[in-house]
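K.L.:
My request is simple: use the sequences and hints to build the entire structure.
Protein chains: 2
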Amino acid sequence: MSLSSAADKVFEVGKRRGFFWQSYEIYGGLSGMYDLGPYGMMLKENIINEWKHHFIRKHQEIMAEIETPIIGPEVVYAASGHLESFTDPIVTCQRCGRKFRADQLIEEATGIKVEGKSNEELTEIIRKKNVRCPVCGGELGEVKAFNLLFKTQIGPYEGSNGYLRPELAQGMFLNFKRVYGVMREKLPLGIAQVGRVGRNEISPRQGMLRLREFTIMEFEFFFDPEKPGHEEYVERVKNRVLRILSSDDRIAGRKEPRTLTLSEAIEGGIIKTPWLGYWMVISQEFLKSLGVPEENMYFEEKLPEERAHYSRQTFDQLVKTERWGWVEVSGHAYRGDYDLSRHALYSKQDLAVFRQFETAIVKRRKKVKVNRAVLGKLFRERATDLERTIYSMDPEKVEAILKEGLALEIGGEKIPPEAISIEEVEEKESGKRIIPHVVEPSFGVERLLYVVMEYGLKEKEDRLILSISPRLSPIKVAVFPLVEDDKLKSLARKIYEDFKQRGIPAVYDEDGSIGRRYARADEIGVPFAITVDFQSIEDGTVTVRDRDTWKQERVPSSGLTDSIAQRFMR
Amino acid sequence: MSLSSAADKVFEVGKRRGFFWQSYEIYGGLSGMYDLGPYGMMLKENIINEWKHHFIRKHQEIMAEIETPIIGPEVVYAASGHLESFTDPIVTCQRCGRKFRADQLIEEATGIKVEGKSNEELTEIIRKKNVRCPVCGGELGEVKAFNLLFKTQIGPYEGSNGYLRPELAQGMFLNFKRVYGVMREKLPLGIAQVGRVGRNEISPRQGMLRLREFTIMEFEFFFDPEKPGHEEYVERVKNRVLRILSSDDRIAGRKEPRTLTLSEAIEGGIIKTPWLGYWMVISQEFLKSLGVPEENMYFEEKLPEERAHYSRQTFDQLVKTERWGWVEVSGHAYRGDYDLSRHALYSKQDLAVFRQFETAIVKRRKKVKVNRAVLGKLFRERATDLERTIYSMDPEKVEAILKEGLALEIGGEKIPPEAISIEEVEEKESGKRIIPHVVEPSFGVERLLYVVMEYGLKEKEDRLILSISPRLSPIKVAVFPLVEDDKLKSLARKIYEDFKQRGIPAVYDEDGSIGRRYARADEIGVPFAITVDFQSIEDGTVTVRDRDTWKQERVPSSGLTDSIAQRFMR
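Chain order of the listed sequences is A and B.
In this text, residue positions in the first sequence follow the working numbering: the first is -15, and each later residue adds one.
In this text, residue positions in the second sequence follow the working numbering: the first is -15, and each later residue adds one.
Treat the hints as calculated values from the structure; they're not laboratory data.
Remember, predicted model here, so these are calculated numbers, not experimental data.
Treat the hints loosely; a few may be bogus.
Just so you know, same-sequence chains aren't split out, so a pair can sit in one copy or run between any two.
[As the list claims (entries may be wrong)] The calculated lysine to aspartate or glutamate pairs, modelled on DMTMM-like cross-linking and capped at a C-alpha distance of 25 Å, are:
#, residue 1, residue 2
1, LYS135, GLU151
2, LYS135, ASP72
3, LYS170, ASP495
4, LYS471, GLU342
5, LYS484, ASP546
6, LYS484, ASP532
7, LYS473, GLU45
8, LYS211, GLU494
9, LYS(-7), GLU383
10, LYS412, GLU210
11, LYS170, ASP493
12, LYS272, ASP482
13, LYS473, GLU342
14, LYS83, GLU(-4)
15, LYS135, GLU92
16, LYS473, GLU522
17, LYS387, GLU522
18, LYS112, ASP532
19, LYS478, GLU169
20, LYS42, ASP470
21, LYS97, ASP72
22, LYS347, ASP208
23, LYS239, GLU58
24, LYS170, GLU481
25, LYS286, GLU397
26, LYS42, GLU29
27, LYS484, GLU34
28, LYS381, ASP369
29, LYS304, GLU29
P.N.:
Laid out in structure tokens, this is it:
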């Protein structure tokens, strides 16, 4: 095998066998854009399904999936802070006009880590270290902010700007109140979405890992900060072990994650809110179901200067890859009430919810009461105004005056004591209004697809085998007639048709030697290969070959679709 | 029920019960954009699944699904013709500056049908009929073309324009050759995609029926125009009946569709290519599976002036709706080789495929042969040039000269007859290069969602029931404890958890009277409601109530998930 690295293998098989390739290939390609071919598409669908299983279906009592548009009006991204903050530093060569991402350029040219530095600081480093255009050697200009939102115009009126969403989150925040209503006004409530986003990267590299358009699986998990309601959920997984490299550890120079149980991480204050930790555990389970072993992933806490503008605490879930090292496959942000508060401010809508107390709180308080008959007789047309003023006064102060037997003086008028009395009333507070807090787990699908393929691709006797879980395999079964023979072919076709009718993705293949056909199936990860031979005609049995062990077993062909389906269906 | 029309009911239930509502509601809404709530999202997913079942999974030997980006570079939409042709006529009020779709404005103001008229003709009608601004009464300007592509910029360089796709098709055309390779170079081949598109409508109306962003399910079906390979497929459905209103009938003033079998329509030349007809039959089946009876749909052929620029023949599949009359739910276009030819031209890539003849064609032809030894001796360094010239000559003419015993004269040199001979050779042509033709069935998902809800919503005893196929129902089962009792609740919870673990969408509901709970479930289309009562505790049976008949049956609670699942799974 001439491909030396795992990444090379993934890209070679990806392209040749129809998983993925760069978009707009016949026009020379467009960086940061990838197409998914037939098998890539099926693999992606299976990854999304696995995600929905772990996060939505297994939590359906507290989770709802929605869909919102990709294009949004300007006010949404003003409120979200993206118009202002969703930028990368850009620098232009003064000689050739080429544009570069300034932080990357500096890091590559000087090795200096510049995350969190301002554009002025970056410009200064460029000047001091004499960083120049890597293409023509020309002098570089000032570092500026380049906004990564794709901008467009909605409708025929100039100035009615629209933007492509760079994340799914705003769709969930804007709809929180409505979905909360549909879900019978209960917290906690997760609102999930799977969909496309756009980020207008300055110069995307790293193949499928940094894209200008890709698919996110994300949910906003809303909870009452005073009563998160996590106990029952956290209890079930409190002893699960997480590998965490905290920001304190990072600042102290530590490179290796620590191993902690969920309860240790929550109680030790390393994870700032229990739901954040709960979903980190589920995310770890999800990644394991995609074929990544626990020791090849950990959660790294972002430093304050690395965090997005809305975040109180963020963990990245990192997975080890061969070429790119530790790669972020998901982000776990504690967004507090930032988003709902911002949208409440910008939309002037009330986005708070009412939390009922378990038992209403009863408060006794004093209240001024006016004897209208007396007041009316004394002051006539002025009486209404006076009454309003009296009601607005502090009952305690009014009582003190009355106790001394004095008259209340308002704007020169003297109100005699018999026109006013003080009462004590009981008031029930049945609950209070709160703005929910949010934790947000967010996954990039294309990255996961790459990770699944890198972890899945194995070499055996000079062949490539995509050894992924049968649940993830694009094609579940291949059916072959052993040799060129009409009877064998017709039986094999019939078996293929049975799978097709059940809606199980299958291939029928009669071209070339049986060995070549097995090899073709192995490469796209078909877990089961059924071969029809002459014995099949006699006794109705077929062989089922396992992709990973290459072992064959003889099984009856009746009931075959069911027995195969059982091996990958839940 | 105070809602008088079916559309009102759909929109009321849609919003109140969380199917769909206008996007960006808290910011006052954005026309042409809709959000899907939890139940709408599940319904949409089930509609897409149903489509994939009919078109992809049941045809998986000739069908592949891919995914391509929404944003594309300018050259793609130059080649596709959209930059030039994907426009609507727009007119601006000279007084207030408001903009209108000119054709709609004229039709509403004058009743004149203007489809296919040029912008100059539209301007003339506005002048002649004195059509004015419907808002301020001001005078209207010239009618212009407004391009409906959403435009953006890709990357940091000004002028590197990108566009949001207005259909999915270009993604399939650009990838045809690669997918054809992955699918082992066989025709016919369908390349399918489900995804979002954007159309920057001037003033979208009609709620979910005309959107600026929506989801399309579409495939490009590539076939060899000389050997379409449809026989086996068409044979199976040739006697299926289609309701068709042809363009000839329309021109002749006919309003009602005719009823024809597929073979009649193909053989009568009403459908111009068999695959177009085949997929129309499957589309009709698909719509029936969504709950639309055959008599409420037909296929209307577009008139030449109504067709898109790429189409040789187009049928719209129309479904009757209460408020909007006959509404297009799918389009069936015969695109010929327009798209592959255009992209071949613009990309300078060879997008043709090689078709092997079943038996190679053998052709005999004459060939000039040069005796190099003789030629070399006579002409030395000039021999090579002369040889090349001789080979480029017409063998027939050379033979005629030789037959007369003359010498061949080239540039003053005389080539003696013994230096040349004429041979007869056999040449095999094993195939030829062709550009496949394409038929394209294309469905709008949100329209179908509306149609499913309009056809599904029934009124019974003053209640609304979403009576849709259990396969389409967002939630498959509701579980209720009959009354407030811990034992009943705990058994009901357990049953609910069983469904959840199986990944079957279910709800557990203990709030309010059992009647109210049934009503809530009916309204979102839950087909089966399981109630746990005191008898359940004694003998392990529960009641299953049918949403449509309201009949209850008593069944054992063991094996309940399986027996319920069987009612909606394939």
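K.L.:
Work down the list of hints and note, for each, if the structure agrees.
P.N.:
Evaluated hints:
1. LYS135 to GLU151: both (14 Å within a copy, 20 Å between copies)
2. LYS135 to ASP72: both (16 Å within a copy, 22 Å between copies)
3. LYS170 to ASP495: between (58 Å within a copy, 13 Å between copies)
4. LYS471 to GLU342: between (73 Å within a copy, 23 Å between copies)
5. LYS484 to ASP546: Classified as both: same-chain Cα gap 13 Å, cross-chain 22 Å, threshold 25 Å.
6. LYS484 to ASP532: Within one copy only: 24 Å inside a chain, 32 Å across chains, cut-off 25 Å.
7. LYS473 to GLU45: between (49 Å within a copy, 15 Å between copies)
8. LYS211 to GLU494: Between. Shortest inter-copy distance 22 Å satisfies the 25 Å Cα cut-off; intra-copy 62 Å does not.
9. LYS(-7) to GLU383: neither (86 Å within a copy, 58 Å between copies)
10. LYS412 to GLU210: Cα proximity of LYS412 and GLU210: one copy only (20 Å, versus 83 Å across).
11. LYS170 to ASP493: Classified as between: cross-chain Cα gap 13 Å, same-chain 53 Å, threshold 25 Å.
12. LYS272 to ASP482: This pair counts as between: shortest inter-copy Cα distance 24 Å, intra-copy 32 Å.
13. LYS473 to GLU342: between (70 Å within a copy, 21 Å between copies)
14. LYS83 to GLU(-4): neither (30 Å within a copy, 52 Å between copies)
15. LYS135 to GLU92: neither (30 Å within a copy, 34 Å between copies)
16. LYS473 to GLU522: within (14 Å within a copy, 56 Å between copies)
17. LYS387 to GLU522: Neither. Shortest intra-copy (111 Å) and inter-copy (69 Å) distances fail the 25 Å Cα cut-off.
18. LYS112 to ASP532: Neither. Shortest intra-copy (57 Å) and inter-copy (77 Å) distances fail the 25 Å Cα cut-off.
19. LYS478 to GLU169: Only across copies: LYS478 and GLU169 sit 23 Å apart there, 52 Å inside one copy, limit 25 Å.
20. LYS42 to ASP470: between (48 Å within a copy, 24 Å between copies)
21. LYS97 to ASP72: For LYS97 and ASP72, the Cα distance is within 25 Å only inside one copy (15 Å; across copies 52 Å).
22. LYS347 to ASP208: Classified as within; 24 Å inside a copy, 83 Å across copies.
23. LYS239 to GLU58: This pair counts as neither: shortest intra-copy Cα distance 41 Å, inter-copy 46 Å.
24. LYS170 to GLU481: between (47 Å within a copy, 19 Å between copies)
25. LYS286 to GLU397: neither (66 Å within a copy, 85 Å between copies)
26. LYS42 to GLU29: both (18 Å within a copy, 18 Å between copies)
27. LYS484 to GLU34: both (22 Å within a copy, 15 Å between copies)
28. LYS381 to ASP369: Within one copy only: 19 Å inside a chain, 121 Å across chains, cut-off 25 Å.
29. LYS304 to GLU29: Within one copy, since 23 Å is at most 25 Å while 34 Å is not.
Checked against the numbered hints above, the structure violates hints 9, 14, 15, 17, 18, 23 and 25; every other hint is satisfied.
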